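There are 2 protein chains.
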Amino acid sequence: MGDLNETGKAGQTELESVFEENKNRILGLMSAKKYIHARDEFMSLNEVDAAEVFEEAESELGIEMAVILFRMLPKDAAAEVFSRLDTDDQLAIVDKITDRELGSIMEEMDFDDMIDALEELPANVVDKVLEKSTGEERKLINTFLNYPENSAGSLMTPDYITLKKGWTVGQALDHIKEVGMDSETVYTCYVKDWGRKLLGIVSLRSLVTHERDVPISEFMIEDIVYVGVYEDQEKVSESFTRYGFLAMPVVDGEHRLVGIITVDDILDVIEEETTEDIERMGGVIGADDREYLDTSVFRHYRNRFPWLFLLMCSAMVTTYVISRYEVTLSEVASLASYMTLLMGTGGNSGSQASTLVIRGLALGEIELKDALRVLWKELRVSFLLGASLSGINFCKIYFIDQHAGGNALYIALTACVAQLLVVCLAKCIGGMLPLLAKRIGIDPALMAAPFISTLTDTFACLVYFTFATMVFVGLRAV
Amino acid sequence: MGDLNETGKAGQTELESVFEENKNRILGLMSAKKYIHARDEFMSLNEVDAAEVFEEAESELGIEMAVILFRMLPKDAAAEVFSRLDTDDQLAIVDKITDRELGSIMEEMDFDDMIDALEELPANVVDKVLEKSTGEERKLINTFLNYPENSAGSLMTPDYITLKKGWTVGQALDHIKEVGMDSETVYTCYVKDWGRKLLGIVSLRSLVTHERDVPISEFMIEDIVYVGVYEDQEKVSESFTRYGFLAMPVVDGEHRLVGIITVDDILDVIEEETTEDIERMGGVIGADDREYLDTSVFRHYRNRFPWLFLLMCSAMVTTYVISRYEVTLSEVASLASYMTLLMGTGGNSGSQASTLVIRGLALGEIELKDALRVLWKELRVSFLLGASLSGINFCKIYFIDQHAGGNALYIALTACVAQLLVVCLAKCIGGMLPLLAKRIGIDPALMAAPFISTLTDTFACLVYFTFATMVFVGLRAV
Numbered sequence: 011m012g013d014l015n016e017t018g019k020a021g022q023t024e025l026e027s028v029f030e031e032n033k034n035r036i037l038g039l040m041s042a043k044k045y046i047h048a049r050d051e052f053m054s055l056n057e058v059d060a061a062e063v064f065e066e067a068e069s070e071l072g073i074e075m076a077v078i079l080f081r082m083l084p085k086d087a088a089a090e091v092f093s094r095l096d097t098d099d100q101l102a103i104v105d106k107i108t109d110r111e112l113g114s115i116m117e118e119m120d121f122d123d124m125i126d127a128l129e130e131l132p133a134n135v136v137d138k139v140l141e142k143s144t145g146e147e148r149k150l151i152n153t154f155l156n157y158p159e160n161s162a163g164s165l166m167t168p169d170y171i172t173l174k175k176g177w178t179v180g181q182a183l184d185h186i187k188e189v190g191m192d193s194e195t196v197y198t199c200y201v202k203d204w205g206r207k208l209l210g211i212v213s214l215r216s217l218v219t220h221e222r223d224v225p226i227s228e229f230m231i232e233d234i235v236y237v238g239v240y241e242d243q244e245k246v247s248e249s250f251t252r253y254g255f256l257a258m259p260v261v262d263g264e265h266r267l268v269g270i271i272t273v274d275d276i277l278d279v280i281e282e283e284t285t286e287d288i289e290r291m292g293g294v295i296g297a298d299d300r301e302y303l304d305t306s307v308f309r310h311y312r313n314r315f316p317w318l319f320l321l322m323c324s325a326m327v328t329t330y331v332i333s334r335y336e337v338t339l340s341e342v343a344s345l346a347s348y349m350t351l352l353m354g355t356g357g358n359s360g361s362q363a364s365t366l367v368i369r370g371l372a373l374g375e376i377e378l379k380d381a382l383r384v385l386w387k388e389l390r391v392s393f394l395l396g397a398s399l400s401g402i403n404f405c406k407i408y409f410i411d412q413h414a415g416g417n418a419l420y421i422a423l424t425a426c427v428a429q430l431l432v433v434c435l436a437k438c439i440g441g442m443l444p445l446l447a448k449r450i451g452i453d454p455a456l457m458a459a460p461f462i463s464t465l466t467d468t469f470a471c472l473v474y475f476t477f478a479t480m481v482f483v484g485l486r487a488v
Numbered sequence: 011m012g013d014l015n016e017t018g019k020a021g022q023t024e025l026e027s028v029f030e031e032n033k034n035r036i037l038g039l040m041s042a043k044k045y046i047h048a049r050d051e052f053m054s055l056n057e058v059d060a061a062e063v064f065e066e067a068e069s070e071l072g073i074e075m076a077v078i079l080f081r082m083l084p085k086d087a088a089a090e091v092f093s094r095l096d097t098d099d100q101l102a103i104v105d106k107i108t109d110r111e112l113g114s115i116m117e118e119m120d121f122d123d124m125i126d127a128l129e130e131l132p133a134n135v136v137d138k139v140l141e142k143s144t145g146e147e148r149k150l151i152n153t154f155l156n157y158p159e160n161s162a163g164s165l166m167t168p169d170y171i172t173l174k175k176g177w178t179v180g181q182a183l184d185h186i187k188e189v190g191m192d193s194e195t196v197y198t199c200y201v202k203d204w205g206r207k208l209l210g211i212v213s214l215r216s217l218v219t220h221e222r223d224v225p226i227s228e229f230m231i232e233d234i235v236y237v238g239v240y241e242d243q244e245k246v247s248e249s250f251t252r253y254g255f256l257a258m259p260v261v262d263g264e265h266r267l268v269g270i271i272t273v274d275d276i277l278d279v280i281e282e283e284t285t286e287d288i289e290r291m292g293g294v295i296g297a298d299d300r301e302y303l304d305t306s307v308f309r310h311y312r313n314r315f316p317w318l319f320l321l322m323c324s325a326m327v328t329t330y331v332i333s334r335y336e337v338t339l340s341e342v343a344s345l346a347s348y349m350t351l352l353m354g355t356g357g358n359s360g361s362q363a364s365t366l367v368i369r370g371l372a373l374g375e376i377e378l379k380d381a382l383r384v385l386w387k388e389l390r391v392s393f394l395l396g397a398s399l400s401g402i403n404f405c406k407i408y409f410i411d412q413h414a415g416g417n418a419l420y421i422a423l424t425a426c427v428a429q430l431l432v433v434c435l436a437k438c439i440g441g442m443l444p445l446l447a448k449r450i451g452i453d454p455a456l457m458a459a460p461f462i463s464t465l466t467d468t469f470a471c472l473v474y475f476t477f478a479t480m481v482f483v484g485l486r487a488v
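Protein chains in written order, with my numbering: chain A, 11 to 488; chain B, 11 to 488.
Because the hints were derived from the structure by calculation, they are not lab data. A portion of the hints provided could be inaccurate.
Now the stretches of chain A that chain B is said to cover, found in silico as 3 or more residues with beta-carbon under 8 Å [claimed, not checked]:
1) 96-109
2) 246-255
3) 318-325
Just so it is clear, the structure is predicted and the values come from calculations on it, not from any experiment. C-beta: ideal position from N, C-alpha, C; glycine also.
Chain A on its own, in the form it takes in the complex (with noise of 0.2 Å):
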């Protein structure tokens, strides 16, 4: 859950040259081997920062240096730097610290982050951190680890301050100093009733502007948002973002309260679902958290070929499209150069409509049931664009290209016709695909450009060369 109440907790980086002065400061004193020196600076350094020289340190002094630096923290730092690491760089910690260190590092943890933690880390380490626990808390650590990556479970914590319904503010406020302290969010209170079903909300500010004689029925709120703890995270981050809320309570099948979410840990959810979206779009399907450079050859390999075969595989239809066309390709062969511009511009074009319409439809601006809406406005704008597009070809080919035997018009009109419906085609194709996709259950995020260039090629090849055949065997004929 991190640093969520300070707002300056941050240490001198004001600016990123500032952390970046003090970054290279520390590696080189490191490497210097001047240990107690590297130690001041670093530990002047915030926790966010100094996750980031450790893994500095690790990728350019190697992994002994980095954990030599990561034991001199205090043990608060210590969990703090940990919860914000990699697992590569976790595991490597776990693998050359003490039992008991880890034990320390685990207690200090903020819950949430810990079970972050244990759900990468193998299952030795897990056993370790259990037979560290009290009863109560190994119940509660295997319950949070058996919720479903992704789901609002695994993003909660239960660490949150309860009130008692009959309290006045100024029992609350007391309340608060005694455990607010270790308690990660002060800003959100909840009430329960004695099933542990949330009856309201009530939130600090409220508390320190009312009399402390005030019962704090009296003005806490009833009408909450809540979230299911298998609710995926994506629609956990859209309530998020809808709402513009701090903390949002996490309630189980029986509306019993569990644990609550905090924005914070939203934003990073956002920045991972953007991701696998971003990358899905690209035709990179598959990838995990693992950061570009840390992702080994092979992983790399793994998460791209199975896209580039399935769209080779379509390709394929294309090169079969083509080669029925032999014969009259082989008649007038300057058909072919045009039929790459043509194959270009289709692609292109379906890959802007497919590119707006996922956009719309993951931040909830398009419906489904927007389809019509959606063909109506993508068939005007691609008239538009195919035959300015289309205008400007035919006058490059006609008059500026050098056809013999006068062919020009001929092949001008051909390609630039066939160049109109395709963009038509390619945007109508590219707008509705994402749609269709929704509709039976599939990520619209794949149907982007990869895809529906790879598709429209097809479409502009069997368009083309019907409009080719057409005109020269129609000459033929003359």
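With chain A fixed as given, assemble chain B onto it according to the hints.
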């Protein structure tokens, strides 16, 4: 800025389906002219949902009906809903309400929301609002209107709580109780010196967990992360994601505190910036914040034409390359059919690499200095991919396609060796161009699928025909 502080002020929209039902019922009541019932239902909604119902009413029942609905709202709710509508709707409302109604809406709006609205509304509306303001307010509005769009200045609000350095916790809490109801964000308070320079911050969390007689200077945080007033909003949102803040102070050139930015506004910025990136990657340049369906056909045309035109011009280079090889083509017409497959695979391979690098750059995971590492990774990945795909393709051409005249082996070899080379080339181009773009100050997102595939088309043709000519000229010589 909106409803940052209260988690649950929202209405009974716990589930989307409940909201859909309410919405349809209100629209039904409106079209049945049962205004009083509709109003009661409408007023029970939270402002986020109410804004959505307004938009639906506008598109389904017309703007007249929607404005009738809007005018039923009490003025504080009207201000909240107004701030959530897009500019077209705001204009339509301004057009239909009295100056007095407009004045009271503007008065009720949060300062930053009012500035956002005024930035988009025409000058005569701005003048009307300025007329109704006091001298002090007018000066502030003018200052805020002058910050460039997408700068930190355009996102911030001047409503924050200022504490005095010498105060105790008790004094601070009393001050918050006094002004807190009006001030949007009470969770982080700011301490300034006499020259308005920022000395430190105090979180409400720390105030409620300390005794009343403790001086705030004891726990005031002095190492503060802040942003400059002209900082780009993308940088600001990066800082929020990096540090997980709820709010961040904004300072001017003399390091004086001029406002604060809160995380809920950042959620909108992230959405906006991501949409811009994705649209650019799909070849749509210069789109504004308008939703897809609200964008006119001509505007869609204007946003899409330039890039399509530019790409068509680049494709003409490919056309030229192919026209140089017309002789080869007319001799071995079946070469043409594999050309498109090659171009398709090349384009898709390049798009994958560029997508990953563009996203990596956007998230700061890849930096310019990593160029060689990216190149080396892409070289290895592309070799593996190229070899697998070429192998499959070879078998298909050699064993399945029927080629006359014993050419099968030569055609298969030509196509597959070219494919291997093209995949490698495409991946390297796709990986390097976003970095090059960043280096020379162009948005790397432009170096995505449409541009990369157009570019690799040219290379694919060059490689393929060079090979083909070599092989078949060689054959003739034998």
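message: To test your reading of the hints: which numbers does this structure violate?
response: 1
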